[in-house]
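Add chain B to chain A, keeping to what the hints say.
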Amino acid sequence: MNAPTLSERITRGALIAAALFSVCLFLVLPLVSVFVQAFAQGWHLYLQAVRSSDVLSALKLTLLVTAMAVPLNVIFGIAASWAITRFDFYGKHILITLIDIPLAVSPVVAGLMYIEVFGRNGWMGPWLDAHNLHIIFAIPGIVLATIFVTFPFVARELIPFMQAQGSDEEEAAVVLGASPLAIFWRITLPNIKWALLYGSILAASRAIGEFGAVSVLSGHIRGRTTTLPLEVEMAYNEYNFTAAFAAASLLTFAAIITLTVKKIIEATSGVHTRAPREKDPA
Amino acid sequence: MPVRSKRKFSLLLRPSPLPGFGLSLGFTVTYLSAIVLLPLAAIMMRGLGGGWGIFVHAIGTPRVFAACRVTLESALLAAGFSAAFGFLVAWVLARYRFPGRSIVDALIDLPFALPTAVAGISLTMLYAQNGWIGRYLEPHNIHIAFTRWGIILAMSFVGSPFVVRTVQPVLEDLDRSMEEAATSLGATPWQVFTRVLLPVCLPALVTGTALAFARAAGEYGSVIFIAGNMPMKTEIAALLIVTKLEEYDYEGAAAIAVAMLVLSLSIMLVLNVVQSRMLRREGKRG
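Which chain is which? The protein sequence lines are A and B, in order.
Residues 447 to 728 in this note's numbering are what the first sequence lists, from first letter to last.
Residues 494 to 779 in this note's numbering are what the second sequence lists, from first letter to last.
One chain only, chain A, in its complex shape (with noise of 0.2 Å):
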């Protein structure tokens, strides 16, 4: 570019103020705010908040639902890209729509649905009342609901990964005589690692962080089935803020990790964060 005239630079000037006022007053100051917040009534009742009994068993059933729904989704990614990059069938562009119907579902109405699947109304719901086997307020049905908000999250990252590199290494692996487990573990899997924990960070962000689907289907059982967001909104509802915002601290926490760790894959391995339905592999 030539040398910007005073009126470019005066553009330039007041555009960038314009986006970091804006950022700083929309982004910046929720997350000070929590901390702030957090830390009001000085740092020993914020430690007794965060050591608390309630608090430590949502953490502890945030990471347990999470260390669950995010392998199995994981898995799914990989199926679902293998499947969707390296054949071509029919229904491929219907399977790869469908694939994205759980980010246009309202987290209210995803816990919903597993309430007329199998809550006690629902379809199994007589056969799981004759059983004793519990889903809907209980800690099954929060796994589920995370599962749901989090579904297409691996496989919307890896599809088009796999689809750029195409299948010319497999192909040739194929040739030259290795089982497909040799394939997946020495080819494939070393190949699409970065796009693969990319899509898990943002999975594993989005199960500890989940608050609708989950609210609707917990229960709400104090030390049972409340996960950290839901101790959150509950301890918020009793006017106990310190304790509220204490453990949206350690959301906000996670949050930053995973804002962090974003950053270093997308400047290290260049996956990048994909615009929503950039991905079609048409």
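Since the hints were made in silico from the structure, they are not lab data.
Built from N, CA and C at the ideal position, the CB exists for glycine as well.
Treat the hints with care, as some may be off.
[Stated by the list, open to error] Some chain B residues near chain A, calculated using beta-carbon distances under 10 Å:
{"id": "1", "residue": "Trp-625"}
{"id": "2", "residue": "Ala-710"}
{"id": "3", "residue": "Glu-712"}
[What the hints assert, rightly or not] Per label pair, the in silico range of CB-to-CB distance:
{"id": "4", "chain 1": "B", "residue 1": "Leu-630", "chain 2": "A", "residue 2": "His-490", "range": "32 to 38 Å"}
{"id": "5", "chain 1": "B", "residue 1": "Thr-523", "chain 2": "A", "residue 2": "Arg-458", "range": "31 to 37 Å"}
{"id": "6", "chain 1": "B", "residue 1": "Leu-630", "chain 2": "A", "residue 2": "Gly-669", "range": "35 to 41 Å"}
{"id": "7", "chain 1": "A", "residue 1": "Ala-713", "chain 2": "B", "residue 2": "Glu-631", "range": "41 to 47 Å"}
{"id": "8", "chain 1": "B", "residue 1": "Glu-566", "chain 2": "A", "residue 2": "Thr-706", "range": "33 to 39 Å"}
{"id": "9", "chain 1": "B", "residue 1": "Pro-724", "chain 2": "A", "residue 2": "Val-707", "range": "39 to 45 Å"}
[As the list claims (entries may be wrong)] The following residues of chain A were derived to be distant from chain B, with all beta-carbon distances above 12 Å:
{"id": "10", "residue": "Asp-500"}
{"id": "11", "residue": "Leu-510"}
{"id": "12", "residue": "Phe-535"}
{"id": "13", "residue": "Val-555"}
{"id": "14", "residue": "Pro-572"}
{"id": "15", "residue": "Asp-575"}
{"id": "16", "residue": "Ala-576"}
{"id": "17", "residue": "His-577"}
{"id": "18", "residue": "Ala-584"}
{"id": "19", "residue": "Ile-585"}
{"id": "20", "residue": "Lys-639"}
{"id": "21", "residue": "Leu-643"}
{"id": "22", "residue": "Gly-669"}
{"id": "23", "residue": "Gly-716"}
Chain B alone, transformed into the frame defined by chain A:
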């Protein structure tokens, strides 16, 4: 060597030397059906199973009608705010280099990463009467928390990254020579913006705004804290579903859910069609 059975009928359009088609597609379809399609069918049947009369009756009450109206109007305004904020930030990030740029770039995704309940209580605290921002608005008689504006604020917050992340790559890939040509032919900066830049960015801007709208219309966690939740005034559709569930009105809850599903799935379908049309057109041009 794995022995590949010769199948007469196959879903495959082209044969492939690679293994694992049956296994990967089988698992994908089974998992998709169990997690997404089956529950989707269940709620559709509950909502519409009683016939149109019952569905319309459940949807047609003044309270449901008011909640849907509040939700849609707020989501529309919020999508507009997200579009304005998103376009400005996407432009600055794509065009300018300045100190702290990569931090701003990372912060854009904050609404994706920050749990909605946390965003909800934090925004409420900021805009409440004695909050950091609320206390300066109060003397001017501007109320945000516990009004419609609070709903719009929370919805804009969660929707904003969609616009930035769809518009930013388009602006980054833009060929600068077109702008330079326009300028050298005597176009004013405003003409360059409206006649050259905007037409190129418009599809991405519309897509991002539509995604922000869809997200805003279904949003629950961040809105319920700041909304005040007054029936007929500041009650959103997602909250009304939860209320109906707590009253064991499963038909009523399912009916609202079906209406919301129809809206969000049609937005998704339209965007998909538009997107694949555009890809095809670009393919022809390229």
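Tested hints:
no.	hint	verdict
1	Trp-625	7 Å, holds
2	Ala-710	7 Å, holds
3	Glu-712	7 Å, holds
4	Leu-630/B / His-490/A: 32 to 38 Å	33 Å, holds
5	Thr-523/B / Arg-458/A: 31 to 37 Å	54 Å, violated
6	Leu-630/B / Gly-669/A: 35 to 41 Å	40 Å, holds
7	Ala-713/A / Glu-631/B: 41 to 47 Å	43 Å, holds
8	Glu-566/B / Thr-706/A: 33 to 39 Å	37 Å, holds
9	Pro-724/B / Val-707/A: 39 to 45 Å	43 Å, holds
10	Asp-500	15 Å, holds
11	Leu-510	17 Å, holds
12	Phe-535	4 Å, violated
13	Val-555	4 Å, violated
14	Pro-572	14 Å, holds
15	Asp-575	16 Å, holds
16	Ala-576	19 Å, holds
17	His-577	18 Å, holds
18	Ala-584	16 Å, holds
19	Ile-585	17 Å, holds
20	Lys-639	18 Å, holds
21	Leu-643	16 Å, holds
22	Gly-669	18 Å, holds
23	Gly-716	14 Å, holds
In terms of the numbered hints stated before, the structure departs from hints 5, 12, 13, listed from lowest to highest.
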